[in-house]
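Protein chains in written order, with this note's numbering: chain A, 1 to 274; chain B, 275 to 587.
It is worth saying that the hints were derived from the structure and are not from the lab. Be aware that one or more of the hints could be misleading.
What the hints assert, rightly or not - Pairwise CB distance ranges (calculated):
no. : chain 1 : residue 1 : chain 2 : residue 2 : range
1   : B       : LYS297    : A       : PRO54     : 52 to 62 Å
2   : A       : ASP184    : B       : THR295    : 26 to 36 Å
3   : B       : LYS560    : A       : ASN56     : 51 to 61 Å
4   : B       : LEU388    : A       : ASN204    : 32 to 42 Å
Treat the numbers as computed from the prediction; the structure is a model and nothing was measured. Note that the Cβ used here is the ideal one computed from N, Cα and C, for glycine as well.
So the chains spell out like this:
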Amino acid sequence: MDKQKLEFLNAKSDEIRKILIEMIGRLGVGHVGGSLSAVDLLTVLYYDLAKVDPKNPKDPDRDRIVMSKGHAGPALYAALASKGYFPMEEIKTLNQAGTNLPSHCDMNKTVGVDMTAGSLGQGISAAVGMALAGKMDKKDYRVYAIIGDGESQEGQVWEAIMLAGNKRLNNLTIFLDNNKMQIDDYVDNINSVEPFDKKCEAFNMQAIRVNGHDKEALENAILQAHKTTDKCTCIVMDTIKGYGVPWAVSKGVGSHSFSISEKEWREFCNKEND
Amino acid sequence: MQDIKELREIYCDSLLQMAETNKNIVVIEADLTNCIKTGRFKAAYPDRFINVGIAEANMIGVCAGLATCGKVPFCSSFAPFATRRCYDQIFISVAYSKQNVKIVGTDPGITAELNGGTHMPFEDMGIMRNIPNMVCIEPTDASMLKSLMPQIAAYNGPVYLRIMRKKCEQIYGDGAEFDMFKAFTLRQGSDLTIFASGIMVSRALEAADKLKSEGIYAEVINVYTWKPIDEETIVKSVAKTGACVVAENHNVHNGLFGAVSEVLAQNCPVPAESVSVKDQFGEVGKIPYLEEKFALRSNDIYDAAIKVLKRKK
């Protein structure tokens, strides 16, 4: 990745994080940690590799991006807002009555959201269905599914991975947002999902482990998935819950959902007043 | 006598016929292809057939994903596994997401016979009826299934279809036509109405014959679509007869009795009796044993009719 591109993507991920913190900050509380850990991937997808067009969000030939860890909806909304899928003003409505931006992703409410999610383990199955539809129709769109490490304790994730691996869905890339934490504790202290890459390989998939905040590594891994013709790829992204916002990271396991003060978000977003 | 086909044969015939003109029709199975007999579809359209293995939750999710891309997936399993086993997936990935997925649950109620309690659904229509916007249909025989399949495929939204797999008693003639959103009045009557669905329709007709021999005229209405229920036909009938019996191969809770009672209570309260499974689990047995055990015989409908007529007076 050349320096110019990296600088551009870093500027975009900064912007998305600011939109995200403002969105949750204005509401006062929300799923901060697991949203922030997925921002760098969303930046690489929406600003670098995914074939999507905010002006044509229902294009049947578009790439699909499924946020299976539906509580990271705000990260997806921030990316979509920055891309211009809907007016930036809408971020002020997160979780307000009648909003198009509910806490968990809803494809019927938010322009640009490809699948409803929130009951964990389900989005990945739908992503497999989208990839199968692409094969049936001989289309060359790609499907990107983002799952959580905690989410992967759901059995359905493995039903979906088993099918994706066996059907050799090379048009599907699954990203594990491996931020190591879930609501109750560290994932390893509850029911470890590691070694996730080895598990995926055992399920007949290609697995690539990367630093999920290294955009160049992410890009390379995704390009490798694109080049792979006979396997579905899982990219295990080692991430930090709350990444990019020091006071979110410092909350540790508590970063999953917490309150943000007006002072905190305004300071982070460099927005003294509206 | 006409050659009666198994319902699964009709199901696959319809899918094949529709698939010719509608390239979006796809069939998804979870290892019961040989039970629902969709092998002919697989042979004709190998690229539009997916067997996900024994993974009903994933089957439903995959169907939802296919539907987001414009496909019209028909998936199936034994009714408990097509509904109860993957209820949240149906609720969120299909219904809440407004995806056009058709779910087929086979071997309803006592027709599960020797598969016994684990496979004997008395609750499937009830739980599916509780999902907003889910259309719930129990076709009565081969003619009706044949008539309804194209309507179900053309309807843009989730549908739960509860069918027997094998031959069932033929109530209607070949070529009979039905509206998927209407009930069908099989017999006119003036003293009471018998609402029935599935295997209980033939039993209702038998009970009506016996009542008629005693000078009691029962109106028999086949309510094959439980949701959205045909309120107009129900209210019109009981306004005339003043009493009813509801007969279903399903638990009394949240089934057809519940659906009809909801309509009656709000529009036309009359005495009503239920012929149904009374909050029990299934067990192994052949139909003659099971229908006696759960009191689902024509005589049970007859007894309920006599009882409701006494309440009417």
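Practice task
Could you check the hint for me, namely that B/LYS560 and A/ASN56 are 51 to 61 Å apart, CB to CB?
Solution key: About 59 Å separates the Cβ atoms of B/LYS560 and A/ASN56, which means 51 to 61 Å holds.
Exercise for the section: Note whether the CB distance of B/LYS297 and A/PRO54 lies within 52 to 62 Å or breaks it. Expected result: Given a distance of about 29 Å, which is not inside 52 to 62 Å, the answer is violated.
Exercise for the section: Using the Cβ atoms, figure out if A/ASP184 sits within 26 to 36 Å of B/THR295. Expected result: Violated: the Cβ-Cβ distance is about 53 Å, outside 26 to 36 Å.
Problem - A/ASN204 and B/LEU388 - C-beta distance against the hinted 32 to 42 Å - result: holds (37 Å)
Going through the hint list in order, the structure does not satisfy hints 1 and 2.
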